[in-house]
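A.B. asks: Sequence order for the protein chains is A and B.
Counting from 1, one number per residue, gives the positions in the first sequence under the working numbering.
Counting from 1001, one number per residue, gives the positions in the second sequence under the working numbering.
FYI, nobody ran anything at the bench for these hints, they're computed from the structure.
Wrong hints could be hidden among the right ones.
Stated by the list, open to error - Derived SDA-like pairs: lysine to any residue, alpha-carbon spacing no greater than 25 Å straight-line:
1) B:Lys1208 x B:Asn1156
2) B:Lys1208 x B:Glu1152
3) B:Lys1208 x B:Arg1102
4) B:Lys1208 x A:Gly176
5) B:Lys1208 x A:Arg173
6) B:Lys1208 x B:Asp1222
7) B:Lys1208 x B:Glu1193
8) B:Lys1208 x A:Pro177
9) B:Lys1208 x B:Pro1195
As the list claims (entries may be wrong) - Derived, one-sided and incomplete: chain B residues facing chain A with beta-carbon distance under 8 Å:
10) Trp1111
11) Gly1150
12) Arg1168
13) Ile1170
14) Ser1173
15) Leu1174
16) Arg1176
As the list claims (entries may be wrong) - Now the stretches of chain B that chain A is said to cover, found in silico as 3 or more residues with beta-carbon under 8 Å:
17) 1096-1107
18) 1112-1121
Note that the Cβ used here is the ideal one computed from N, Cα and C, for glycine as well.
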Amino acid sequence: MGALGGRVAVITGADQPLGRGLALALGDAGAGVALVGDAGALAPLTAELESRNRRAVAVEARVGEREARERAFATAADELGGPVRIVVHAAVPAVAFERVAFEDVDDARWDAVWEGTMTAALAVLQASFTHLRGSGGRVVFVTPTVSMSGAPGLVAYAAAMEGQRLLAKSAARQWGPDGITVNCLAPAPEHVPIGVASSEVSLAPPALGGPGDAETDLGPVVVFLASDDAHFLTGETLCADGGVWMAP
Amino acid sequence: MTADAPLAGRTAIVTGAGQGVGRGIAAALARRGARVVLAARRAETGEPAAQEIRDRGGDARCIVTDITRREDVERCVASTVEHYGGLEIMVHNAFQGGRLHRLEDVDAALWATNSRTAVWGSYYSARFAAPHLRRAGTRGRLLLITSPAGVEGSVNIPVYAPVKAAQRAIAKSLAREWGPHGITVNCVAPVAETPALAGAFAANPVLKERVEARTALGRVGDAERDVGAVAAFLASDDASYVTGQTIVCDGGSFLGL
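Next up, chain A with everything else stripped away, as it sits in the complex (with noise of 0.2 Å):
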C-alpha cells in the first residue's frame, strides 16, 4: 500500500501528457483515480491503470460547471467505493494552448481561454468543497511557470494560469479550517502544447538538466502534495521545473 492507500482522487486533463503522467503516479502511489474528461480519450489511460492493477475509472464531465463536476465527482465516490478524498486540476481548454499574437486574439478567442479556464476551476474548486469537507481533502491545481514568467503569444493562457494559481491560494486561505489544503504544482513548460522552452523565458539553463518526466520525475512532488505528509503546506506553489524558475 502507497502513500495514497485506500484514497480516492480525482484528476482532470489527464488526456494531456501531464496529466497523464501524473494520473499513473496517483494510481502507483494507491490511490484509486477517476480520470474526469472525455472518457473515449481517456479509455487508454484506464486500461493502463488497470494493467497496473490499479484502480480507475473514467467520468465523462466536459462541462465546467458547479453541478457537472459535482456529479462527476459523486460518480467518481461510488465506483472508487469511497469518498473522494484528492484533486488534481490539470484541464485546461485546448484552445488556451494555441500561440496568438496579442492584436489577433478577438473576444471569442479571450472569453474560451481566460473565463473557460477560470469558470472550470471555480466548479473545481466548488465541488471539491462539497465533497472534500472536513476531510483532510487535497487539492492541486497543475499551473505551468509560464503564469509567473509570463510569454509572448500566450496572455490569455498566463493570464489564465497566473488567475488559478492566486484562486488556490485564496481557497487555501478560506479553506484551511475545512481541513482542506489546496496547492499548486508548477512544471516547466515544455509539459504544456505551448511552444515555450524554459530558454524562452528564463537565461539559467535547469540546474537539473531538463524539464523532468511527467510521470516519474512529477508524479512524486503531486503525490506528496495529495499525501498527509504535505498536511501543513497550503496556498504553496511546488515548482517542480528541474531548478529553473526557483520561485519565490
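Knowing the structure of chain A, use the given hints to seat chain B on it.
C.D. replies: Quick look at chain B alone, frame taken from chain A:
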C-alpha cells in the same frame, strides 16, 4: 520636456478616474505635464475630477466610459486620439466587485463583475491602445493597477485575488511581446485612501487597525501623492528600462515579492 513636466507632450487615459486611485493617478500625471483623459463610468464623478485638474492649470477631459463594454473603450481611445493627436500612456485602474464573500457561494454574477472590470478591462485597454502605443514607441506605456491581494490571495474577497493576479500575468506577457517596440508594461499594487477602502474599513473596523499596524510607514497612502507619483515615474522616460514589473506601493505592508 522639463524637469517639472516630464510628461509634457504626452497623452494619457486613466480608467476609473472619477474617484480613488484613478483620480489620484490622473491628477499626478496632469501635474507632470500630461494631457489626461479621465475615463469614468459616471460623469457625476468624472467631470468634477477633470475640472479639478483644469482648475490647477492642467489639460484634462472626461469621457464617460464603461470599461466592461468593448465599444465604450474603443470609442474612448478613438476620441482621445482624435482630440489630442495620439496616446502614449494607457492606465487601467477601474475595478468593481470587492464585496465580502465565501468561495463556495460565488455565482456567475459575482465572478463576472470581478472578471469583467479587472481582466476584460485590461484586455480592452491593451487592445485598443496597442496601435497608438506602438506609434509612441519608447514613450508607449501600459499600466495596470493591481493589488497586493493578487500575490497573496485573499481570505475575505477570494475572487479578487485571481483577477488581480491575471493582470500581473497580462503585464508580464505583454511586456515580452511589446518589448521589441520599446513599449513598457507594468503594474502598480497600491493601498490608498479611496472610497472603496473607506467602505471596507466601515464594514470591518478592525481592518483599519490591522492594515495600519502591518504597514511599515504606519499610514494608508494618498492616491495622488503616494500612488500617483509611482505611476507617473513608470510613465516617464526615467522608467524606460523597467518592464513586466509590479511595484507594490502600500507603505511597506506586503513584502512578499
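A.B. asks: With reference to the structure, classify each hint as holding or not holding.
C.D. replies: Hints versus structure:
no.: 1; hint: B:Lys1208 x B:Asn1156; verdict: holds (14 Å)
no.: 2; hint: B:Lys1208 x B:Glu1152; verdict: holds (18 Å)
no.: 3; hint: B:Lys1208 x B:Arg1102; verdict: holds (21 Å)
no.: 4; hint: B:Lys1208 x A:Gly176; verdict: holds (24 Å)
no.: 5; hint: B:Lys1208 x A:Arg173; verdict: holds (20 Å)
no.: 6; hint: B:Lys1208 x B:Asp1222; verdict: holds (15 Å)
no.: 7; hint: B:Lys1208 x B:Glu1193; verdict: holds (11 Å)
no.: 8; hint: B:Lys1208 x A:Pro177; verdict: holds (24 Å)
no.: 9; hint: B:Lys1208 x B:Pro1195; verdict: holds (14 Å)
no.: 10; hint: Trp1111; verdict: holds (7 Å)
no.: 11; hint: Gly1150; verdict: holds (6 Å)
no.: 12; hint: Arg1168; verdict: holds (6 Å)
no.: 13; hint: Ile1170; verdict: holds (5 Å)
no.: 14; hint: Ser1173; verdict: holds (4 Å)
no.: 15; hint: Leu1174; verdict: holds (6 Å)
no.: 16; hint: Arg1176; verdict: holds (4 Å)
no.: 17; hint: 1096-1107; verdict: holds (count 4)
no.: 18; hint: 1112-1121; verdict: holds (count 3)
In summary, this structure violates none of the numbered hints.
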